[in-house]
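S.K.: All chains should be built: construct the whole structure from the sequences, respecting the hints.
Protein chains in written order, with our numbering: chain B, 1 to 62; chain S, 1 to 62; chain G, 1 to 62; chain F, 1 to 62; chain P, 1 to 62; chain D, 1 to 62.
It is worth saying that the hints were derived from the structure and are not from the lab. On a predicted model such as this, the values are computed, not experimentally measured, just so you know. Do not take every clue at face value.
No distinction is drawn between identical chains; accordingly, a pair holds when it is met within one copy or between any pair of copies.
Claimed, not checked - Restricting the straight-line Cα-Cα distance to at most 25 angstroms, the calculated cross-link-like pairs of lysine to any residue (SDA-like) are: (1) K62 / E49; (2) K47 / M1; (3) K47 / V14; (4) K56 / D45; (5) K62 / P36; (6) K62 / V46; (7) K47 / W58; (8) K56 / G11.
There are 6 protein chains.
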Amino acid sequence: MPTYHVEMFEGRTVEQKRRLAEEITRVSVEVLGGSPEAVEVLITDVKRENWATGGKLWCDQK
Amino acid sequence: MPTYHVEMFEGRTVEQKRRLAEEITRVSVEVLGGSPEAVEVLITDVKRENWATGGKLWCDQK
Amino acid sequence: MPTYHVEMFEGRTVEQKRRLAEEITRVSVEVLGGSPEAVEVLITDVKRENWATGGKLWCDQK
Amino acid sequence: MPTYHVEMFEGRTVEQKRRLAEEITRVSVEVLGGSPEAVEVLITDVKRENWATGGKLWCDQK
Amino acid sequence: MPTYHVEMFEGRTVEQKRRLAEEITRVSVEVLGGSPEAVEVLITDVKRENWATGGKLWCDQK
Amino acid sequence: MPTYHVEMFEGRTVEQKRRLAEEITRVSVEVLGGSPEAVEVLITDVKRENWATGGKLWCDQK
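M.R.: What follows is the structure, encoded as structure tokens:
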């Protein structure tokens, strides 16, 4: 702990995920204290057909 | 906000997801107020081997 | 199944939650089929200090 | 209810998922009471590139 | 990993939570392997007004 | 999107939550692109009796 669940559109590179995990862990320790080893980051790649904002699926948005 | 996470068996059509997102957003605004643009709907397609009820996986149920 | 997790600002009345659960269940069955008894709705009341959009906590927003 | 969400590395067999669902349902009823039919278990298979501990993605760890 | 999120009605004792965490961890290691130290169990106490099945809030059910 | 759900022990100050939301939003935009306004951060304050690691509740750990 703490645990971070990240939901984002699918299609990001492993390198982006690598950097995101590093940065979230760094700022987590910086702000909340604790050790980096206790920080978990879980990423969910979400298809655009599975995410709607304002009632519209993102696969239908330009 | 509000945010709706929907877990359902995989296999639904994009059209069903489209209608579900529209309807959830509509009833959300109707009951809770706020604007449609603030409503997020995230859908998770769950495999039947990943969902158990009463201790039985749904891929094992008739 | 399906299961709906709803995250919304704390402060809604039980009556609003009652109506929201009814409406989500109704539109779920209407769009996805299945029986109402299989539909679960779980609500999370979120404090404004625990929700940020655009980097700002909602307890800090007018 | 209760509902159990399990996040684990992808790659487990259906047989492991079958046993896990059975065992979680059994211990749930044993400890919390209630009927097995009310217990839901949902499994998420997580790619190693989507899980980081200590700031490192598991796909980068030996 | 794995991580178990448990949603259950509020009102369970700390002793029940203690036993549930022990048992889930035990069966997790038994079925999936891995070490107990890697297993996380997070419990959410859900008010009956925040959980609906079949469109009815559990605070309204006998 | 993206959406960040943070689970952490209860007891953090609003100021820590404020800084955490700012920092997560900043690194999210920096690594993934997109606009800050699209980034949502939701925090869950978890009681130590509701979080177990290695089968032990954190309220039982020194």
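S.K.: Find the hints from earlier in the document that the structure breaks and name them by number, from lowest to highest.
M.R.: none
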